[in-house]
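J.: Listed here are the chains, written in short residue letters.
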Amino acid sequence: MADMKVAAYICQGCGLGERLDTAALASVAKKEGKAAIVKEHAFLCNADGIKMIRDDIANEAVTHVMIGACSRRAKTEAFGFTDVCVSRANLREGVIWSQPETDEARETTQEMAEDYIRMGCAEVKKMTLPQGDPAAVTDRTLLVVGGGVSGMTAALEASKAGYKVVLVEKSGALGGWAAKLHKRTPGKSPFKEPQETPVAEMAAAIEADANIKVYLNAITSKTGGAPGRFEIEISTESGATVVEKAGAIIQATGFELYDANKLPELGYGQSANVVDQAGLEALAKAAKGSPIKRPSDGGEVKTVVFVQCAGQRDDSGKHLPYCSGSCCLTSVKQAMYFKESNPDIDTVVIYSDLRMPGNGEDFYRSGQEKGVIFTKGNVSSVEAAGNQCKVNFHDVILNDQTAIDNADLVVLATGQVPNSGVDIDTKLKAEIAAAGGDNSLMEAYSASQVEGAVQPISVLNLTYRQGPDMPQLKYGFTDSHFICFPYETRRTGIYSAGPVRRPMDMVQAMEDATGAAMKAIQAIENAGLGRAAHPRSGDLSYPIFRKEGCTQCKRCTVECPFGAIDEDEQRFPLFNQARCRRCGTCMGACPVRVISFENYSVETVGAQLKAVDVPDEFSEKPRILILACENDAYPALDMAAMNRNVYSAFVRVIPVRCLGSVNTIWINDALSNGYDGIMMMGCKHGDDYQCHFVKGSELANVRMSKIGDTLKNMSLEEERVSTFEVAITDIERVPQLINDYAALIQKIGMSPMKGF
Amino acid sequence: MSENYRNNFLKEVEERVEEGHWVKMCMQCGVCAGSCPLGPHWAHPPQEIFMMIRAGKREEVLTSDSMWMCTSCYNCVVRCPRKLPITHIMHGLANLAYRLGLSPKNQTTQKFASMFWNNLAQTGRVNELKLSLGMYFKDGFAQGIKNAMAMQSVGLGMVKAKRLNPMELFGGHGIKDKSGFHAMLKKAREIEDRRKNFA
Amino acid sequence: MAKKTYSFYPGCSSQTKASSDNYLKSTNSMCKYLDIELKEIPDWNCCGASIGYAEGGELPRITLSARNMALSEQHNPGMDLVATCAACWLSTREAKERIAHSAQTLTEANTALAEAGLTYKGNQAARHMAEVLVEDFGFDELKRGVKKPLQGIKFAGYVGCQTNRPFGLAGESFENPKYLDNLVEAMGGEAVPYDQKVTCCGGALAFSEPEKSQKQIKDIIESAYDHGAEMIVTPCPLCQANVEIYQGEVNKRFGTKFNIPVTYYSQLITVAYGGTAAEAALDGQLIRATRLEEIAKK
Ligand code: SF4
Ligand code: SF4
Ligand code: SF4
Ligand code: SF4
Ligand code: SF4
Ligand code: SF4
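Heads up: the sequence lines are chains A, B and C, in that order. Under the numbering used here, the letters of the first sequence match residues 3 to 758, in that order. Under the numbering used here, the letters of the second sequence match residues 155 to 353, in that order. Under the numbering used here, the letters of the third sequence match residues 817 to 1114, in that order.
These aren't lab readings, by the way, just hints derived from the structure by calculation. If you're wondering where the values come from, they're calculated on a predicted model, not measured in any experiment. Treat each hint with caution, since some may be false.
As the list claims (entries may be wrong) - Okay, derived cross-link-like pairs now, DSS-like style, lysine-lysine, Cα gap no bigger than 25 Å in a straight line:
id	chain 1	residue 1	chain 2	residue 2
1	B	K330	C	K912
2	C	K1028	B	K265
3	C	K1028	B	K332
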């Protein structure tokens, strides 16, 4: 690469010229920022301004550009030079829009601007241009695991879009749960009647599709590689094993019904006339359109009772705690089976809440029109007596302990239990804790393993360092970013679709599978271009690792939220670029700082925070460093400024990819450089996380909880380092947080670490 | 066999009660129950009545005085997410209970409703004085004197404001075509009785 | 020729010397000022109100309204049917809609009507006088006729139930209809916001269940007072009667000292348009609306 030549451009537009002394800024860029070329411009983002920069790049061999203008989130196209490194000093949102336009504020406003120029110059000099991955490859084949409606939908959609599909199904036929149904709940307007299942039609379409290769009676016994180049061993029942290649994977392994044998109090196992929803479908199928008979004696069915939420939404800890979101619809449908054959059959649905997703409300109304009786109540027990059952329940509306004593059939609405494979999280959590020096979790985990307990069977059998299946969020459902990117799991290029991701009905499962197929195609193409997936889609940088310095502490391998890092034979971390989301969590984790990106590293941030001019103890001008997540907190700050919500002039903001990328060295450096306080702003973490990199902000919090010792060693107050959860909508709250914090710092007093 | 949660009463309601076919469409949200102006005085608010019908509680529903608490304010109707014509169902249930002789004895609103109808059916228009006197004497003569005395100030005030005509007692308002009117109502009643299976 | 002509259904309570005699008188004055001609439906009958159900049932009730509409169609063709009483309007419009939705009801109603030599066709709209004012005139137009603005008087616009629900005026909300307030303001008065604007006065149950209903009436008046109103105005004769007549009873029962006049919008308009107290039938108030009388005298 040619020698580094830095050019700094300072914009006077958008009021910058009036509010700031741009000539002084230019001289800061020249003298302190050591920029070879420094230019001011009245309107930098207009054609003339851009041409000026372009000309300098072409004629003056400029390699690094510092733009002192608006936020890096504005004018991205105009300033999106791909042939030079670019840094942005946020003078508009970060300074003039967030500071009061008063004479008294002029001095501190100018100081702020000058610091951002210093920071911009320091940052850009530490950057190199991302080269991308010259070895990027991709295979335009999609592997689909699971041949139910979700899996078949994904396969057909991908094929329609021109991709090859390998479909692996464990059983001997396609169709999954849907194949067991007499009819399905409606998927089409007017959503009033049960419909034929789509199984036969879809299976025929798959058979006729040359793009789709189907393995029946087969499992994925080994899955290795990365997006673009997965290698999958497929073992068939006959013992034969074949290897297929794929660019992306969809896991659509569905669910099993919660075991009704665990519900003897509801009569299951006590009478043949108590069935679960699958049992009723079997009866309906067997009846072939004629009236469903009473299982115990083949007698006529006059009264059917449906018990909703059987073993679900249970807070006793004995059964499933969640709602499966589909069984209410199913009960309405099943009640219609009876109403269809004879409207005089009494069908009573006893529910605690009816949940009718999508157009289910129309279906519910249709059930009511047909005379299905819905009553809000809690069933306490079902007693079998001869060929009838007595259903004891509390009618909640009438506050009546009552019973239906002549039920010929009782149907239990049990829930969906996902087929998600092995839970890798317990062990992973223990490993993360162990890497941080806490072995208690690991010991507990090992203790739980020695018993000859039945181990769940892996679905994907991934060869990933972090474990054979996808991480789960709760109750065994695979983790995916619920709020913003529901399809993205924590294994890049591997998507989960249908009820394995969350409980759902068939309409939703088909939608889900279609979405997953589209995302999988995107992953296949991204892999070919060496680009990151969301949320840094298109990013060409990736973690570069200096093996020589590595202590094999394993922090990066266990903490990577996306399982991107394996281990080589010598137990060094082995980065898989195509699996990586570029969050920088590994960089934040590494105690010896050997992981970096070309354009984002310990140095690019470190240099910025060191470039800030920290006034002495007696100046009464504290300095507060804000490390703000670029996904939510930084935009919130920008938007606050757009609304002219002013905040303290003593803060200096550095955007970070994710709080997970914050290396504790930055905290140490900032404190020893005399900063009076550090605010870390990241996304919400926990089960309802909003962190774009899922685990980043959580890990950052764990790390920061341990910073106490460092502070003690430096004789500093704990409050000097604080973390905050900030959402992108917090445009009123963020300035308030800053001001409150600034007041707090004022109260504690200036840091004694200045001027060392 | 118990009638619990069987459809028999629901079917009867559908056949014999004004707008009764809507009862099965109630989704038990309870909005109506919170909307009645005389809410605290309803033993069973509309939501509950609908559930009782579906639970087969014929006797309890028809002997209840709940429906008679309806002021026809239509609050429930405009708020019901399922658009049930609740007011009319209440009227219809009250009517059914009355026709079957099941409504509570001495229910004042029921008496007033009957009086009102009979009053208008006679002359085609309501005679307010007769109606009010009738109301005061509904519980017998002695109580009537007491009631009327209690409301005397009101009555005299109304006369003074020319809003109550003492002469109405001897005739007063009425329509001309009384015979046509009576024949019309008789016919309507006949059709209704046939349709709703009242002998 | 009058500017606008309507087929008029006064209803029982608005007959001469009936409980809302003052409503009828002031409506006639108001219409004179607005150049509205009201052609009374010959030989109209009671609508059945919403209390006739116990004895009357469904079809007989519908037939009552069908008779009025049939007479109106026959004698006042080409006009909209207009009622001033909320219950009259409601029953009429409801019957109209029921018949429109069911061919069977139409046949049955006409079978009954045939006994009186009538046929119902369903070619007239059934409207309330408030609709006529708001929709056919509009507030700007109504404002133009004001000669004596009702300046400085604070009104609680009490819309109540049946002018408001289930039909109400197009574009108005059921929970907070605004037209009555707008009307008050158009007449130069001040409409105070208060929270019992659409509370039920007890309706016919004020008569049969006095204890229970008087609580309603108390709440309405109390809220009007609390929000600074000195007068209540309403479009409904039953509301007017219940809230005005029972104030003494309410005072006895609850120890209150209510004495608030309850007027009709038609009285307000008549006074604002320069009508006399007699024209506005202010002598028909049990609780005299002195402030209106003063303006009328000026
Ligand atoms: S948008 Fe940015 S670059 Fe353009 S004039 Fe404003 S501050 Fe300068
Ligand atoms: S969908 Fe219905 S039956 Fe199923 S768990 Fe949820 S509420 Fe219960
Ligand atoms: S940047 Fe993030 S996704 Fe990539 S290897 Fe590091 S921790 Fe994993
Ligand atoms: S690269 Fe860093 S974090 Fe990863 S194992 Fe080596 S020392 Fe540990
Ligand atoms: S109309 Fe009758 S049932 Fe409906 S809210 Fe009013 S009082 Fe209650
Ligand atoms: S408001 Fe309607 S749906 Fe709700 S409980 Fe009442 S009648 Fe049923």
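J.: Now, for every hint given, state plainly whether the structure supports it.
T.: Hints, one by one, checked against the model:
Taken as a hint, the K330(B) and K912(C) pair is honoured in the structure, with Cα atoms around 24 Å apart against an allowance of 25 Å. Taking the CA atoms of K1028(C) and K265(B), the gap is about 17 Å. The hint holds against a cut of 25 Å. Proximity of K1028(C) to K332(B) is assessed by CA-CA distance (about 37 Å); at most 25 Å being required, the pair is judged violated.
Of the numbered hints listed earlier, the single one contradicted by the structure is hint 3.
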